[in-house]
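K.L.:
Position chain B against the provided structure of chain A, taking the given hints into account.
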Amino acid sequence: MLIRAGDAGILLAGAGFVIALTVFAWGGDRGDTAVIRAAGRVVETVSLTHARTFSVGGPLGATQIEIEPGRARVARDPSPRQLCVRQGWLTQSGQAVLCLPNQVSLEIRGRHSAYDTLGY
Amino acid sequence: MKSAAAIPPMTRSVIELPVTPDDRRIARLAALAIGLTLAEAALPSPLPGVKPGLANIVVLLVLLQYGWRAAAWVSGLRVLAGGLLLGSLFAPGFWLSVAGAGVSLSILALARHLPSRHFGPVSLSVLAAFGHIGGQLALAGAWLLPGAAIIKLLPVFAAAALVFGTVNGVIVARLLAAPASDRRQSMPCTLP
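Sequence order for the protein chains is A and B. Taking our numbering, the leading residue of the first sequence gets 1, the next gets one more, and so forth. Taking our numbering, the leading residue of the second sequence gets 1001, the next gets one more, and so forth.
Don't read these hints as lab results, they were simulated from the structure. Mixed in with the good hints there might be a few duds.
To be verified - Facing chain A, from chain B, some residues (calculated, C-beta under 10 Å):
{"hint": "1", "residue": "1068"}
{"hint": "2", "residue": "1114"}
{"hint": "3", "residue": "1116"}
{"hint": "4", "residue": "1117"}
{"hint": "5", "residue": "1119"}
{"hint": "6", "residue": "1121"}
{"hint": "7", "residue": "1124"}
{"hint": "8", "residue": "1126"}
{"hint": "9", "residue": "1129"}
{"hint": "10", "residue": "1159"}
{"hint": "11", "residue": "1173"}
Unchecked claim - Facing chain A, from chain B, some residues (calculated, C-beta under 7 Å):
{"hint": "12", "residue": "1118"}
{"hint": "13", "residue": "1123"}
{"hint": "14", "residue": "1162"}
{"hint": "15", "residue": "1170"}
Here the structure is a predicted model, which is why all the values come from computation and not from measurement. Each residue gets a CB set at the ideal place from its N, CA and C atoms; glycine is no exception.
One chain only, chain A, in its complex shape:
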């Protein structure tokens, strides 16, 4: 018998330990609030509880921000390179997406913020 009953137990416990470590180290902090800024000023602070969309005006036009339970993204933006749209959904506390040409930003916040402040 290569693997005995206790061995299987130890292997299971080890696998559980690895999974617990993974959740602990990589699970991160899921955000519960989205902060939308235009030209540096906070225009909207919404909790990520139910689906909504916002339209925020900037120098180039309107940026559309989509909120869903637990996540948020920039759905449409007039910026030429579409970087903020391509960033996709944000879920973790501290994640942020910037639409620089249109001066709109979207940031996710949770209970603990990873950074006190971010300068761009």
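P.N.:
Just chain B now, kept in the frame of chain A:
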């Protein structure tokens, strides 16, 4: 020539070190473990510290066949001579090895009292692997990389310890289960 012959012969002093068969056996097994350590050092690794730990196969075999003292000797000699040969003696990596081997051996000292009907070499190997990586990371976290940097790597190291510990344990179990003639063919060194 003549003058050389005129020099009085130096006092002959011979230091006798009695060598027991146990010593020879430990030396032979430690040499095997050192060889595996060297071979393993040539393997490329994506992360420093993620290694198969093949030398632990020897340490486990020694533990199961000759007891904990012999295993501790083999493991200690392996770390020391491995450090010498790889040029990392007393460098940070060497101390990480010392910490890993130390914790692993202390865990084995406890784990070998587990009832062997249910807990075979695989258990010992997995526990020793976790001890190894735990000791190394504890020292690295306290000394080399204080702060949270190591926490993100914990799952990778722990998963590697689980996988390699299991593989090594199965190898040990197979070696122990193999008939003696078979063993002699595959590893002539372990049967002194």
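K.L.:
State for each hint whether it applies.
P.N.:
A quick look at each hint next to the structure:
no.	hint	verdict
1	1068	violated, 19 Å
2	1114	holds, 7 Å
3	1116	holds, 8 Å
4	1117	holds, 7 Å
5	1119	holds, 4 Å
6	1121	holds, 8 Å
7	1124	holds, 9 Å
8	1126	holds, 5 Å
9	1129	holds, 9 Å
10	1159	holds, 5 Å
11	1173	holds, 5 Å
12	1118	holds, 3 Å
13	1123	holds, 4 Å
14	1162	holds, 5 Å
15	1170	holds, 6 Å
In this structure, the one hint that does not hold is number 1.
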